[in-house]
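Work out the full structure, taking the sequences as your base and the hints as a guide.
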Amino acid sequence: MLAAVLVTGAVFTVLDPRFFAIGNVGNIASQISFEGVLAVTMTFVLISGEIDLSIGSMVGLTGVVFGILLQTYHVPIWPAVILTLLSGCVMGAVNGGLSVLLRVPTIIITLGMLSAYRGFAYFISNGYPVENYSKTSVFFAIGQDRLFHIIPYDAMVLVVFAVIGAVVLRQTVIGHRIYAMGSNRRAAELAGIRVNRIRVGVLVFNGFAAAIAGLLVVSQTATADPNVGIGYELDVIAAVIIGGAKLTGGSGTVLASVLGMLLLGMIRNGLVLVGVSIYLLIVVSGLIVIVAVAIDRFYTRRRLVGGGVDSA
Amino acid sequence: MNLHAIRQRSRGLVGLTTAVLAGSMLLTACGSSSGSPGASKTYTFALVLDDLTNPVELPLRKGAKDAAAKYGFTLKIVGPSPATAQQQISLMQDLQSQKVDGTVILPVDSAALVPAIDSMVGAGIPVATTELDAPDSKRSFFYFGGVTTIDQGKLSAQHVFNYYKAKGATGTINYVLTSCLPTVTGQQDRKKGFEDEVAAENVGSPFQLNQVGFYNTTTDPAKNFANTQNIYTAKGSQIQLEYAMCGPDTQNWGKVLKANNDHHILVAGFDWLPATLDLIEQGWVGWAQGSSVYSEGLVTFTKLYQHVAQGAALPSGSIHGSAIFAEQSNIQDIRKSPDVTAASG
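Residue numbers (the numbering used here), protein chains in the order written: chain A, 35 to 346; chain B, 58 to 402.
FYI, nobody ran anything at the bench for these hints, they're computed from the structure.
Note that this is a predicted model, so its numbers are computed, not measured.
Where is the CB? At the ideal position from N, CA and C, for every residue including glycine.
Hints are not guaranteed to be accurate.
Rough simulated footprint, nothing fancy, chain B against chain A, three-plus residues with beta-carbon under 8 Å [as the list claims (entries may be wrong)]:
1. 158-165
2. 249-255
3. 262-276
4. 309-315
Here you go:
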């Protein structure tokens with residue numbers, strides 16, 4: 035994955051040297067920060083063999099929740115941040131809880147909640163962007179300023195979150211159980227792993243990440259817009275799959291997923307720099323997803339035919 | 058069946074029962090809000106927006122709500138998100154089934170919505186269009202608080218030429234166009250109007266406007282900002298003018314120029330979003346063309362109500378207001394207009 039990122043970067047730099055300028059690299063890092071955070075936890079979700087299609091809607095809703103806490107209830111900014119993070123966890127818990135209680139696959143539950151959360155964001159905001167609150171807090175500097183005018187603070191949030199995610203996934207018992215559950219759910223159950231608890235847990239973590247992303251977007255744009263996040267689920271799942279995770283579960287790493295998101299961000303940025311047509315940009319983005327899923331299918335088939343076991 | 062399986066099934070039943078009960082309560086609540094038989098006639102009108110979350114249309118909603126409050130009719134506001142003609146068609150069909158008394162629609166696609174509008178008119182429900190038109194349909198009238206979308210583009214180009222003429226410009230002035238919805242008819246009309254007028258004005262002008270790029274910025278606020286950053290990186294050093302055909306584009310170009318402390322690009326934009334007015338006042342956006350979107354809601358529903366409830370004749374054809382450019386010289390007056398106060402909530 036790292037090779038793909040380096041090659042892509044080299045190609046775009048040759049085509050337009052401004053691609054590798056410090057300012058532009060900072061732009062890319064900032065632009066992928068909120069979807070990168072989502073890619074971290076979506077990695078957990080896909081490794082466990084689940085999927086969450088409602089993540090974009092949760093980003094929009096958590097942002098609106100934050101805006102309303104500030105504008106309508108005049109909650110101080112940092113308590114509002116904490117409440118927003120909690121609201122994301124609740125949304126994730128609703129996804130996981132419904133899936134477990136109703137015994138319906140998460141793809142169905144989160145498909146429904148994609149619409150429900152988006153509708154709720156419109157309902158509580160009345161379709162209006164929420165933006166009548168003070169924007170002088172340091173909170174807004176996270177999305178708009180850079181350390182030494184070089185390193186975007188929102189990109190630093192992504193790095194810290196990704197490191198925590200990677201450690202949890204690779205170095206803790208919970209992480210190993212998530213891999214085990216995604217590799218063979220029945221075997222994991224027989225080994226005493228409480229799979230329903232893990233299902234809910236990874237979706238709660240995903241909701242938490244959605245809240246962080248929602249806050250980062252509000253920090254960047256200074257507006258809590260209920261329209262934020264439409265289509266993010268596609269970008270995020272594509273990034274995680276590009277990073278090597280499989281839709282069937284049991285495989286993937288946080289680092290590769292973040293690199294997958296970085297690759298998407300570089301392609302979006304680079305195609306604009308080299309002057310690709312606005313419509314061709316959309317075509318290329320879609321083709322990347324298809325290629326990534328095709329590769330996933332290829333490896334899955336090879337594993338089934340060969341009877342081999344993937345290494346995590 | 059073991060104890061674990063029974064417990065699992067019980068949990069499933071509890072969840073299912075809860076969902077069914079919640080659904081029933083919701084249906085009951087919805088049912089209780091409708092009017093009871095025998096009550097005095099309450100008229101119901103519908104506003105079908107082109108995009109449920111477009112902040113630029115907030116004053117339009119406010120105008121419609123003010124008309125509803127004044128005349129005492131029920132107002133339903135519906136619309137797709139994101140903007141698609143197919144969703145609008147479905148909404149129109151639903152409203153026709155519900156037998157609303159009149160509809161005002163902002164058609165996403167001037168051709169695709171014709172059958173749905175004609176069907177509604179055929180069912181005896183008067184339809185008016187506003188902001189965007191479907192002139193080939195049987196709608197009663199089109200009301201627009203500004204000029205046509207083609208003329209918006211033309212007037213923008215004229216304003217740009219007047220600006221550079223006043224500065225005594227010569228040579229080539231490169232520009233880029235951006236749109237957050239490049240496939241929508243109204244945006245395409247703005248682009249065509251601008252480009253046609255630029256071609257006409259370039260003839261004999263001491264300076265020439267030269268287009269060096271056309272970009273899709275998308276409607277998602279965060280991605281719009283990201284795309285604007287990328288376009289600025291790609292073309293910022295080559296251009297002197299940005300024709301921003303959407304409100305979010307106008308605002309984000311102002312933000313990007315402010316972040317880069319760049320005063321050499323003129324942003325000629327649209328829509329009076331609160332932050333855009335701030336950026337105009339601070340000198341980061343040259344101007345934003347607007348119109349009385351508030352009047353579009355107020356006037357259309359007033360006309361429909363007076364026709365349905367009071368028997369007044371419906372207007373026909375197209376009714377237009379005028380284009381207004383919010384710039385530093387008139388920004389304080391613009392801030393006091395109902396269009397701005399409604400948009401800022």
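Quick rundown of the hints versus the structure:
no.: 1; hint: 158-165; result: holds (count 4)
no.: 2; hint: 249-255; result: holds (count 3)
no.: 3; hint: 262-276; result: holds (count 4)
no.: 4; hint: 309-315; result: holds (count 4)
Of the hints listed earlier, there is not a single one the structure fails to meet.
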